[in-house]
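One letter stands for each residue in the lines below.
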Amino acid sequence: MSWLLPYPLLSAVLLVLWLLLNQSMSPGHLMLGSVLAVLASWAMAALRPEKPRIRRPGAALRLLGMVVTDILRSNLAVGQIILRSREPGMNAGFMTIPLDLRDRHGLAVLSIIITSTPGTIWVNYDAAKGTLLLHVLDLVDETVWIRTIKDRYERRLMEIFE
Amino acid sequence: MSAIVIFGWAITSAQIMLGMAMCCATYRLVVGPRAQDRILGLDTLYVNAMLMLVTFGIRTGSSLYFEAALIIGLLGFVATVALAKFLMRGEVIE
Amino acid sequence: MSAAANLPAWAALLTAVLVLVGAAVTLIGSLGLLRLGNFYARVHAPTLGTTAGMASILAGSALCFSLLEARPVVHEILIAVFVTLTTPVTLMLLVRAALYRDRTEGSRDVPAAEAAEELTPRR
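Protein chains in written order, with full-length UniProt numbering: chain A, 1 to 162; chain B, 1 to 94; chain C, 1 to 123.
Hints listed in this document are in silico derivations from the structure and should not be mistaken for laboratory results.
All C-beta atoms, glycine included, are put in the ideal place defined by N, C-alpha and C.
It cannot be assumed that every hint is accurate.
To be verified - Examples of chain B residues toward chain C, derived with CB under 8 Å:
hint, residue
1, R28
2, S63
3, F66
4, L70
5, T80
Said to hold, decoys possible - Covered stretches of chain A (in silico footprint by chain C; criterion: 3 or more residues with CB under 8 Å from a CB of chain C, positions within the stretch not fixed):
hint, segment
6, 18–24
7, 49–55
8, 90–97
9, 120–127
10, 132–146
Said to hold, decoys possible - As a list, the in silico DMTMM-like pairs of lysine to aspartate or glutamate whose alpha-carbon atoms are at most 20 Å apart:
hint, chain 1, residue 1, chain 2, residue 2
11, B, K85, C, E105
12, B, K85, C, D102
13, A, K51, A, D103
14, A, K129, A, E154
15, A, K129, A, D103
16, A, K150, A, D70
Given the sequences, and given the hints that come with them, work out the whole structure.
If you want it as structure tokens, here you go:
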């Protein structure tokens with residue numbers, strides 16, 4: 001079975017994508033989408049990427065919920081900075097955070113979480129030292145940001161991926 | 001009847017707001033001051049134009065605009081990535 | 001306004017509110033492009049439009065079309081997924097390109113390439 005579906009999750013997502021794009025559940029589209037999804041996963045297997053192992057799907061769902069609420073809250077915070085502050089962006093600055101997370105997929109997810117949250121941007125990750133360079137819009141207290149990222153995101157990502 | 005009138009006004013004012021947002025992005029695109037500011041303005045312009053197309057779709061009730069919005073979103077990504085890459089490589093060659 | 005005539009009143013009002021909120025959030029984000037002082041602060045502004053603004057407008061669109069066509073229309077999720085996955089990539093590349101340019105020009109406002117870990121926050 002594994003020769004047919006080397007990446008079952010990827011194939012399933014591609015099939016759903018195909019059905020959504022065509023907005024139909026007809027047998028023809030189901031079959032065409034399945035064939036395309038299997039072919040694409042074979043092409044992916046030729047690249048031999050590292051297979052991610054998701055240990056706890058429940059923890060991943062909890063993380064998703066937390067990220068959504070955090071994005072909404074920082075939307076409000078950044079909106080207030082832009083509208084209210086007399087000289088917006090005066091507190092902005094770079095900061096570095098030492099990371100314990102080493103898994104590549106975990107780091108990729110962490111970069112998407114940090115960058116799509118308004119107010120923080122992932123700039124550079126130094127794989128040799130394991131440090132992360134961030135730019136933060138509201139850098140009043142550095143320890144608060146370190147605690148937020150390490151406790152809220154990094155610990156849960158390590159639970160999921162390592 | 002009144003709900004329809006409110007709906008029409010809400011969509012119109014949302015489109016005006018999105019148009020103003022596109023003007024802000026265009027200002028950044030034209031004024032700069034540096035190349036990275038211009039690219040950031042272009043990226044914002046793409047996203048705002050995509051949202052504008054979605055509101056046009058809601059106004060007319062036609063799902064044709066959805067495809068255009070999807071394509072603008074994807075083109076914006078490719079364009080911005082290419083320009084950002086050029087910003088790094090162009091300097092190396094200089 | 002051919003679309004709204006076939007909608008029930010509550011759905012028309014809810015769509016109107018969602019679209020208005022999304023457009024307002026996007027406008028605030030784009031105003032940030034004008035108001036914020038330097039490039040690195042300005043990078044944060046468009047993320048408002050690509051998260052809450054986009055989600056709100058797309059939710060309004062999904063609600064409107066689901067009721068108009070009397071079946072669940074969820075293909076707006078595709079736009080949401082594409083934008084959520086691609087925006088971080090573009091912004092990261094852009095910030096890195098800007099950082100590289102500033103470093104090659106010898107700017108003092110950005111952290112140097114080798115001494116990044118003993119960095120004090122810039123105010």
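Can you confirm whether the C-alpha distance between K129 (chain A) and D103 (chain A) stays at or below 20 Å? 14 Å, holds
Is the Cα-Cα distance between K150 (chain A) and D70 (chain A) 20 Å or less? Holds, at roughly 14 Å.
Can you tell me if the segment 18–24 of chain A counts as covered by chain C, using C-beta to C-beta distances under 8 Å and a minimum of three residues? holds (count 3)
Given pair status - D102 (chain C), K85 (chain B), alpha carbons within 20 Å: Given that 20 Å is the threshold and the Cα spacing comes to 15 Å, the pair holds.
Was the hint right that L70 (chain B) lines chain C, CB cutoff 8 Å? Cβ of L70 (chain B) sits 6 Å from chain C, so the hint holds.
Residue count check for the segment 90–97 of chain A against chain C: does it reach three with CB-CB under 8 Å? holds (count 7)
Hint validity - S63 (chain B) Cβ closer than 8 Å to any chain C Cβ: Given a least distance of 6 Å, the restraint on S63 (chain B) holds.
Three-residue Cβ test at 8 Å for the coverage of the segment 132–146 of chain A by chain C: holds (count 5)
Taking 8 Å as the limit, does the beta-carbon of R28 (chain B) come near enough to a beta-carbon in chain C? 5 Å, holds
Under a C-beta cut-off of less than 8 Å, do 3 or more residues of the segment 49–55 of chain A approach chain C closely enough to confirm the stated coverage? The restraint on the segment 49–55 of chain A is violated, since only 0 of its residues have a Cβ under 8 Å from chain C and three are required.
Does E105 (chain C) lie within 20 Å of K85 (chain B) when you go C-alpha to C-alpha? 18 Å, holds
For the hint on F66 (chain B), just tell me whether its beta-carbon gets within less than 8 Å of chain C. 7 Å, holds
Hint compliance for this structure: hint 7 alone is broken.
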